[in-house]
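One letter stands for each residue in the lines below.
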Amino acid sequence: MCKVKVITGTSAAAEAAKLADVDVIAAYPITPQTTCVEKLAEFVANGELDAEFIKVESEHSAMSACIGASATGARTFTATASQGLALMHEMLFIAAGMRLPIVMMNANRALSAPINIWNDQQDSISQRDTGWIQFYVEDNQETLDTILQAYRIGEHEDVLLPVMVNLDGFILTHTVEPVTIPSEENAKAFVGVYEPKHAYLDPDRPITQGCVGVPECYMETRYAVEKAMENAKKVIKEIHDEFAEKFKRSYGNGLIEEYNMENADTVIVAMGSVCGTIKEVIDRLKEKGKEVGLLRVRCYRPFPAEDIAKALKDAENIAVLDKNISLGINKGALYLDLASTVRDKKVVNYIVGLGGRDIRIEDIEKIISHVEVAKDGETAWIGLKE
Amino acid sequence: MQFPREEYFAPGHRGCAGCGAAIVARLVLKAAGKDTICTNATGCLEVMTTPYPETAWRVPWIHTAFENSAAVASGVESAIKALRRKRGKFNKKINVIAFGGDGGTADIGFQALSGAMERGHDIVYIMYDNEAYMNTGVQRSGSTPLMAATTTSPAGSKIRGEDRPKKDMPLIMAAHGIPYVATACISYPEDFMNKVKKACEIEGPAYIQVLQPCTTGWGYPAEKTIEIGRLAVETGIWPLYEIENGEFRLTYKPAKRKPIKEYIRMQKRYRHLTDEDIERLQKYIDERCRELGL
Ligand SMILES: Cc1ncc(C[n+]2csc(CCOP(=O)(O)OP(=O)(O)O)c2C)c(N)n1
Ligand code: SF4
Chain A
1 MCKVKVITGT SAAAEAAKLA DVDVIAAYPI TPQTTCVEKL AEFVANGELD
51 AEFIKVESEH SAMSACIGAS ATGARTFTAT ASQGLALMHE MLFIAAGMRL
101 PIVMMNANRA LSAPINIWND QQDSISQRDT GWIQFYVEDN QETLDTILQA
151 YRIGEHEDVL LPVMVNLDGF ILTHTVEPVT IPSEENAKAF VGVYEPKHAY
201 LDPDRPITQG CVGVPECYME TRYAVEKAME NAKKVIKEIH DEFAEKFKRS
251 YGNGLIEEYN MENADTVIVA MGSVCGTIKE VIDRLKEKGK EVGLLRVRCY
301 RPFPAEDIAK ALKDAENIAV LDKNISLGIN KGALYLDLAS TVRDKKVVNY
351 IVGLGGRDIR IEDIEKIISH VEVAKDGETA WIGLKE
Chain B
1 MQFPREEYFA PGHRGCAGCG AAIVARLVLK AAGKDTICTN ATGCLEVMTT
51 PYPETAWRVP WIHTAFENSA AVASGVESAI KALRRKRGKF NKKINVIAFG
101 GDGGTADIGF QALSGAMERG HDIVYIMYDN EAYMNTGVQR SGSTPLMAAT
151 TTSPAGSKIR GEDRPKKDMP LIMAAHGIPY VATACISYPE DFMNKVKKAC
201 EIEGPAYIQV LQPCTTGWGY PAEKTIEIGR LAVETGIWPL YEIENGEFRL
251 TYKPAKRKPI KEYIRMQKRY RHLTDEDIER LQKYIDERCR ELGL
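Same order as they appear, the protein sequences are chains A and B.
So the first sequence is numbered by the working numbering: it starts at 1 and just counts up by one.
So the second sequence is numbered by the working numbering: it starts at 1 and just counts up by one.
Honestly, the hints are just simulated from the structure, not real lab data.
Straight line, CA to CA, 16 Å or less: simulated EDC-like cross-link-like pairs of lysine to aspartate or glutamate:
1. LYS86/B with GLU48/A
2. LYS89/B with ASP204/A
3. LYS346/A with GLU372/A
4. LYS81/B with ASP35/B
5. LYS81/B with ASP50/A
6. LYS34/B with ASP202/A
7. LYS197/A with ASP158/A
8. LYS93/B with ASP202/A
9. LYS237/A with GLU306/A
10. LYS89/B with ASP202/A
11. LYS55/A with ASP122/B
12. LYS197/B with GLU244/B
13. LYS198/B with GLU244/B
14. LYS86/B with ASP50/A
15. LYS290/A with ASP265/A
16. LYS55/A with GLU118/B
Take these sequences, add in the hints, and give me the full structure.
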């Protein structure tokens with residue numbers, strides 16, 4: 001039987017890793033992720049989860065150990081945030097290039113300097129080219145559900161890529177919400193057991209992994225990851241639908257979620273927990289007879305360009321919210337990706353919520369009225385002090 | 001000791017003629033045997049053995065990055081434990097052996113190594129010590145000996161090569177309280193293989209630092225690799241010992257120590273040294289040997 005617990009986002013992530021019956025966890029504490037690994041350590045200490053918990057000395061080693069364990073055929077989990085994710089950067093490329101389906105929870109947090117423990121999404125956005133599948137969830141329930149799906153997606157033989165599930169620091173990591181926790185039996189039936197066929201270290205079948213990629217072969221390996229990303233789009237939808245059918249919870253089509261898009265000329269495009277606030281504003285406006293839509297990008301890598309273009313085909317004013325900034329071009333990453341997908345429409349970029357700056361109902365309302373009169377390609381920083 | 005006939009390190013790698021690193025790998029695998037999984041740091045050993053689609057490794061082997069051979073090995077060892085317990089896999093003893101060069105061990109990989117040793121993983125860490133960063137073209141490392149010239153510690157009119165003494169990694173490892181630490185040299189294969197065997201058998205972390213002469217970085221003719229290694233030991237520059245559960249024991253004692261001049265004069269990395277410089281170095285080595293009872 002499933003049960004409902006009122007828990008934080010980090011606990012939801014830990015519950016998911018437990019339900020996936022992970023074999024090896026290697027993690028290092030960092031705010032606002034820490035409570036996730038503490039919870040997992042507790043599960044292992046209590047015998048609720050049979051796993052090796054490697055108390056590594058850094059995030060670089062956490063990812064290295066996950067790579068070693070995954071390459072030996074184990075199901076692995078880690079969690080981090082911000083500086084920890086940045087410290088893993090080198091190893092993120094390697095995990096993807098070696099096609100290891102590691103699953104990681106990242107608690108989105110701003111990067112130093114100045115040091116800031118609060119939420120934005122610069123940390124994971126900066127890892128967008130590493131070859132990791134990236135999800136941005138809206139609430140704690142979705143955190144749990146997405147991590148369960150992540151194992152299926154990453155381990156799928158048409159994909160074989162690591163998956164990062166991002167949840168907004170503090171906003172989700174430290175806020176309690178009711179979360180439905182599937183029974184162990186149902187979760188197990190959905191996630192299954194990891195039986196790698198492609199590559200694992202075993203003396204009875206010696207293979208060499210991580211060899212020198214000479215110019216004659218390197219490009220092909222990069223292309224293979226790109227192909228896997230492309231395949232992942234289909235796999236993500238299929239596994240999302242299977243999950244929805246079994247557990248009666250769904251998130252758009254798995255890649256994107258549309259909210260009130262039917263009659264909306266103005267559409268906001270955003271990722272993560274801010275979408276909850278946006279939905280609230282949309283509902284209020286609807287009562288006043290104004291139709292505004294939300295396009296929530298749930299999966300950011302692979303980038304669901306076709307789904308996005310289709311969803312936006314009738315939109316006139318598109319406001320893209322970015323909790324990150326690519327310095328030197330004054331644009332956020334989601335805007336840049338979207339602008340290259342939707343070329344014949346007015347798209348305006350809003351830089352919001354950096355370093356935990358609150359995004360209020362009024363800010364969203366301001367964006368909606370601004371985008372209707374703004375010029376295509378403009379960037380506005382919302383809430384910036386003059 | 002009977003040397004096993006089996007070769008798990010295949011011939012045909014891309015190392016320089018006379019490369020001591022290849023000898024390290026060959027001897028380690030002979031001693032450890034088939035049921036072994038290796039991790040390898042970026043460096044000469046990795047690059048010369050695995051240019052795709054070729055490999056010199058007949059046991060499972062993994063390389064990921066420069067500074068994390070020990071951390072990757074921690075993951076491998078933990079996965080073996082978990083999968084054995086939970087799913088009955090790996091149903092026999094498997095040696096997990098991590099290789100790292102001196103740079104990948106004493107410098108950039110030091111943190112990962114220290115962490116893995118302190119956590120008590122059942123792994124054998126082999127530092128193949130060629131006393132510089134060879135793969136990137138002979139730059140100094142924390143393990144480069146005093147006065148050796150490298151491209152980043154060149155001998156000039158003001159500075160006489162490397163100005164800092166070699167970092168004492170074996171003692172630092174011993175201070176971690178691990179059950180087995182040893183030094184070895186490829187020129188004493190029996191001693192080396194015995195130590196690898198012991199390290200594999202002992203439960204918990206083991207660290208072996210093996211001196212590996214490098215033709216290219218040290219500057220000597222390819223056929224002299226074994227001879228140079230032997231001289232390093234016979235002069236007392238490279239003492240052979242083991243520290244088992246805190247007990248220090250010399251495993252080889254030269255009947256009469258040779259003067260270091262013989263060793264120094266064979267290598268280009270020391271060619272800038274004057275007789276007085278060598279005299280100073282000799283005093284330094286004498287002092288160290290006295291401490292060890294050599
Ligand atoms: C993070 C990082 N920094 C630098 C390098 C470049 N690099 C590759 S191998 C190497 C030196 C290796 O030296 P050592 O560990 O002594 O092994 P050797 O090549 O002598 O066998 C360096 C500096 C790298 N690969 N990764
Ligand atoms: S440079 Fe030295 S260590 Fe590297 S392959 Fe050549 S001889 Fe071996």
